[in-house]
Amino acid sequence: MRNVWIICKKELRSYFVSPIAYILLALFAVIFGFFFWNAVGVFIFMGMESQLRGEMFPMNVNEQVIRPLVSNASVIGLFLIPIITMRLFAEEKRTGTIELLATSPVHDAEIILGKWLASLLLYAGMLLLAALNFLWLFRYGNPDWKPLAVAYLGLLLQAGALLAIGVFISTLTRNQIIAGAVTFAICLLLWVLEWVSGYESATWAQVLSYLSVLTHFDSFGKGVLSSKDAVYYVSLIIAGLFLTARSMESLRWRA
Amino acid sequence: MITVQQLTKRYARNTAVDHISFEVEKGQIVGFLGPNGAGKTTTMRILTCFLPPSSGTAKVAGFDVLEEPLEVKRRIGYLPETPPLYLEMRTGEYLSFVGRLKGLSGNELRQRVDYVLDRCAIADVKDKVLGKLSKGYRQRVGLAQAIIHNPDVLILDEPTAGLDPKQINETRDLIKSLSGDHTIILSTHILPEVEQTCERVIIINRGKLVATDSVNNLQNRARGAGSVLVEVAARNGALDAAAVQRKFERIPGVTRVVCKDSDANFSTFEVEGKTDRTMRGDLARAVVEAGWDLNELRTAAVSLEEIFLQLTGAEAAAESGAVPAEAGAAAKA
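Residue numbers (the numbering used here), protein chains in the order written: chain A, 67 to 321; chain B, 3 to 335.
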């Protein structure tokens, strides 16, 4: 565990020494801030409208602001996750520092876990920025915090899964751009696979739809803690990290 | 300390290392010599557990690289051909990171960082970003990271490649000074480096071991088989080359005399035989007694270079064109 933490700290440090972390955090803050502003604006507008019509339409901050915003956050993540993971192994391979890691008395698993954990922590930092926005809702309104907490857990699990895939792809090449592009393509596919369920209900469509990360986010977004969906994300994380370990091993046999 | 037996590394299309066996004893400093692409780096990567061998065994301090890689890695400091530096880190920060990675912590870590900063003369760049350091400094930081955990064995892949002559000398001195505490294997295609820094040399070519011996033995072997060049001149009038040759041939120990160059008043002979002291003395005396002048008497230049070229063949010489020039420079020095 000590080695995992050593690697993780080193990765976090290089995220923050190079401007990558700041740029990612700033991009996320701006984009999410815009979504937040928009969502709150729509909410206020709808509130006034229903008042004018004299409807006692039940307005709900959790359902009408937080839930769509959490989905937005996961979409923004989709774009930023490849940028977070693309350098993790590709850069080490290009500069030759992978030789230092691979000849140090640490297990491959510790290196992989450390790197994955660092990427997850950076993503968690973004979610913290989003939380700053949500704080305003608590300041001026009275939303329920529990569904938000569950949604946050869902976001972390989903990101963990996509990051694990990104880490794996980063071991396949020494070119960061290739790693980033392929990761993005796979993340996007895992996203849209769900669409087939819209017009097709055959078994293959159900399988594709099951594989989609979107399908499994629904319950978390609603604030429902579903073990079935958690299992999906956790197994995706394990699969991604396992593939990374295999890939690192094969690097040694092929190199 | 290091035992390598029948080590082989095959890739899809070629064999990089072909049944190599050698041993390195504790505290020795061994030069791993061969032209580019001979398999030096591959062998070193196997010893450092970066690559697994296709067959054969390699043991460091009694631990097999395949069976107990962690134990091997703990005992090895490795400087790859390009120093594995994180260019965005500062020198001190980088060394602490590597130290932690190698299992140091707390007070011990701080002490070792200070020690290697001092030992490798990089204390003045402790707070500089590695990416801004010159090549010489980077190489020394690379050496510092290799020795930070005080390993039993140091494996250095072309530690002086790409440095300027002053830096090369500094690095060699540094390596020599480390040899007391560590067993060192260094690879190079530069011969004088081996002559200057190593006690033993392992020569490989095209993945095969061609020679392993002490540097002294190899040089002696070369000298023993070598020959002496004698330039004789006449004081007055013409010189009878044939007469000189006959005189030389009568000297005990001489096996062959060849007239290399002949002019009206001087001749150069290559004399082969047991080139020990008495034969040279006899040659000199013979010349002087006959009333000729002895202009020059020298051992026909033999250095590791010649053995190396003999052993690795002419193709290797063509590939590494820089070698003869550098070797020649060193021979003069």
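Note that these hints are calculated values from the structure, not bench results.
Cβ coordinates follow ideal geometry from the N, Cα and C atoms, glycine included.
Among the hints, erroneous ones may be present.
[To be verified] Some chain A residues flagged as far from chain B (calculated, every beta-carbon gap over 12 Å):
1. 69
2. 73
3. 124
4. 164
5. 169
6. 172
[As the list claims (entries may be wrong)] Ranges of calculated distance between the beta carbons of each label pair, as one might list FRET restraints:
7. A/190 with B/110: 28 to 34 Å
8. A/129 with B/129: 26 to 32 Å
9. B/112 with A/103: 47 to 53 Å
10. A/208 with B/116: 32 to 38 Å
11. B/56 with A/267: 50 to 56 Å
12. A/312 with B/25: 44 to 50 Å
13. A/271 with B/131: 52 to 58 Å
14. A/292 with B/129: 37 to 43 Å
15. A/100 with B/72: 30 to 36 Å
16. B/72 with A/292: 37 to 43 Å
17. A/142 with B/56: 32 to 38 Å
[Unchecked claim] Below, in silico cross-link-like pairs of lysine to aspartate or glutamate (EDC-like), each with a Cα-Cα straight-line distance of 20 Å or less:
18. A/75 with B/95
19. A/159 with B/172
20. B/137 with B/172
21. B/134 with A/157
22. A/75 with B/66
23. B/28 with B/66
24. A/75 with B/129
Query raised in the report: Okay, which hints does this one fail, numbers in order?
Result: 1, 2, 4, 5, 6, 8, 10, 12, 14, 15, 17, 19 and 22
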